[in-house]
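Participant: Here the protein sequences line up with chains A and B, keeping their order.
Taking this note's numbering, the leading residue of the first sequence gets 3, the next gets one more, and so forth.
Taking this note's numbering, the leading residue of the second sequence gets 3, the next gets one more, and so forth.
Hints listed in this document are in silico derivations from the structure and should not be mistaken for laboratory results.
Just so you know, not all the hints are guaranteed correct.
Below, a list of computed lysine-lysine pairs in the DSSO-like style, where the Cα atoms sit at most 27 Å apart [said to hold, decoys possible]:
id	chain 1	residue 1	chain 2	residue 2
1	A	K220	B	K82
2	A	K82	B	K220
3	A	K82	A	K28
4	B	K82	B	K28
Protein chains: 2
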Amino acid sequence: MTQAPTTPPDAQHFDLTALPAAARYKLLTATVVPRPIAWVGTLGADGHVNLAPYSFFGLMGSDPPVVAFAPGDRADGTPKDTALNIPPGGEFTVNMVSAALADAMNATATDFPHGHAEPDALGIALTPGVKVRVPRVAAAPAALECREVQTLTIGRTRIILGEVLGLTLRADAVQDAERHHVDTAALDLIGRLGGRGTYAHTRDTFTIDRIPFEEWQKGQ
Amino acid sequence: MTQAPTTPPDAQHFDLTALPAAARYKLLTATVVPRPIAWVGTLGADGHVNLAPYSFFGLMGSDPPVVAFAPGDRADGTPKDTALNIPPGGEFTVNMVSAALADAMNATATDFPHGHAEPDALGIALTPGVKVRVPRVAAAPAALECREVQTLTIGRTRIILGEVLGLTLRADAVQDAERHHVDTAALDLIGRLGGRGTYAHTRDTFTIDRIPFEEWQKGQ
Numbered sequence: 003m004t005q006a007p008t009t010p011p012d013a014q015h016f017d018l019t020a021l022p023a024a025a026r027y028k029l030l031t032a033t034v035v036p037r038p039i040a041w042v043g044t045l046g047a048d049g050h051v052n053l054a055p056y057s058f059f060g061l062m063g064s065d066p067p068v069v070a071f072a073p074g075d076r077a078d079g080t081p082k083d084t085a086l087n088i089p090p091g092g093e094f095t096v097n098m099v100s101a102a103l104a105d106a107m108n109a110t111a112t113d114f115p116h117g118h119a120e121p122d123a124l125g126i127a128l129t130p131g132v133k134v135r136v137p138r139v140a141a142a143p144a145a146l147e148c149r150e151v152q153t154l155t156i157g158r159t160r161i162i163l164g165e166v167l168g169l170t171l172r173a174d175a176v177q178d179a180e181r182h183h184v185d186t187a188a189l190d191l192i193g194r195l196g197g198r199g200t201y202a203h204t205r206d207t208f209t210i211d212r213i214p215f216e217e218w219q220k221g222q
Numbered sequence: 003m004t005q006a007p008t009t010p011p012d013a014q015h016f017d018l019t020a021l022p023a024a025a026r027y028k029l030l031t032a033t034v035v036p037r038p039i040a041w042v043g044t045l046g047a048d049g050h051v052n053l054a055p056y057s058f059f060g061l062m063g064s065d066p067p068v069v070a071f072a073p074g075d076r077a078d079g080t081p082k083d084t085a086l087n088i089p090p091g092g093e094f095t096v097n098m099v100s101a102a103l104a105d106a107m108n109a110t111a112t113d114f115p116h117g118h119a120e121p122d123a124l125g126i127a128l129t130p131g132v133k134v135r136v137p138r139v140a141a142a143p144a145a146l147e148c149r150e151v152q153t154l155t156i157g158r159t160r161i162i163l164g165e166v167l168g169l170t171l172r173a174d175a176v177q178d179a180e181r182h183h184v185d186t187a188a189l190d191l192i193g194r195l196g197g198r199g200t201y202a203h204t205r206d207t208f209t210i211d212r213i214p215f216e217e218w219q220k221g222q
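Take the sequences, apply the hints, and build the full model.
Facilitator: See below:
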């Protein structure tokens with residue numbers, strides 16, 4: 003931990019290049035929040051469905067629609083089942099996590115040994131994908147069906163990029179299907195915060211209007 | 003919009019490969035939430051600091067610490083200033099947005115013409131970076147200092163990956179500097195939801211304990 007001279011007195015600087023990985027993890031996961039949670043479903047070679055949550059995850063584009071997530075390694079340094087199950091061009095589902103699904107999602111974060119199928123072990127109902135062979139979580143209020151387009155490795159960071167081919171929404175969250183209006187509040191999604199198991203609801207919301215440049219000029 | 007036969011009756015499927023980009027954008031931004039907001043600072047060739055918010059953003063690793071964000075193109079198809087200002091190996095700051103900074107952040111999303119320096123125009127105080135030449139937002143409760151390590155283009159999606167070299171936190175959010183404990187609540191960050199300008203606070207939180215495999219087995 004470094005106190006840099008250029009830092010104002012009411013701020014503290016951490017030189018991440020001089021800190022161990024565990025410290026960097028603690029600092030960054032507590033600071034880059036709220037993170038959406040990708041509850042990723044994959045299909046193993048044995049036909050079992052693997053389900054695991056990742057909050058190193060983001061929406062990265064819509065033309066084409068791209069999501070990125072980073073499945074880290076297991077404690078012993080081997081890739082997690084999720085990564086093993088997504089070869090180049092491989093398929094996966096990203097199930098979004100509602101407050102009602104928080105406990106089930108957390109249970110799939112248990113360090114099951116390789117070969118344990120979380121949905122079976124935990125009684126999580128699945129339903130077939132439309133665009134991919136990987137099932138989605140039946141109770142997920144939103145599920146993205148994806149195909150890997152690129153996988154990057156930067157040090158021990160593995161980032162999987164997927165094109166989103168299809169989206170399934172709980173019917174009561176579709177406000178206007180023709181105009182593609184979604185009732186985000188009805189999804190009741192949660193976000194990941196820092197710390198061992200801290201999450202935020204998305205129920206306390208507010209709206210700010212975007213300011214067009216012409217309008218901003220008039221206000222000057 | 004497609005209603006697929008394999009979709010259960012209480013769900014609605016959207017075939018994203020058959021929808022225009024604007025529809026995909028509306029559906030996905032309303033569904034992949036809450037997204038953390040990267041208020042990205044860059045330095046233009048003219049020495050002006052550019053500041054713009056992106057919620058196509060995520061933490062992607064801690065070994066090395068990596069963030070990814072996707073600055074889209076302007077409406078006319080040219081890259082946004084943020085992307086122009088980050089050449090290979092280029093530097094940028096990711097300022098996290100507290101509720102108190104929401105209006106200032108939103109003002110920098112105004113479509114200022116190229117060359118307009120948002121911080122000057124809007125009176126947003128900056129302070130020097132420690133590890134990079136790009137300043138950070140003085141009032142940001144957390145700021146990441148980054149260096150570009152890779153830029154990807156997938157269709158019209160441009161994804162910039164940066165290594166996080168340094169982290170500056172508001173002093174009162176540092177619970178225990180030696181143990182790297184951050185008081186996330188003190189940061190009072192906001193997340194991006196769908197719709198034109200809807201955001202979520204991170205004040206309504208809850209905690210779930212991770213279940214170790216041995217403990218799970220005992221419960222069976």
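Participant: Does each hint hold? Answer for all of them.
Facilitator: Hint-by-hint comparison with the structure:
no., hint, result
1, K220/A - K82/B, "holds, 24 Å"
2, K82/A - K220/B, "holds, 24 Å"
3, K82/A - K28/A, "holds, 20 Å"
4, K82/B - K28/B, "holds, 20 Å"
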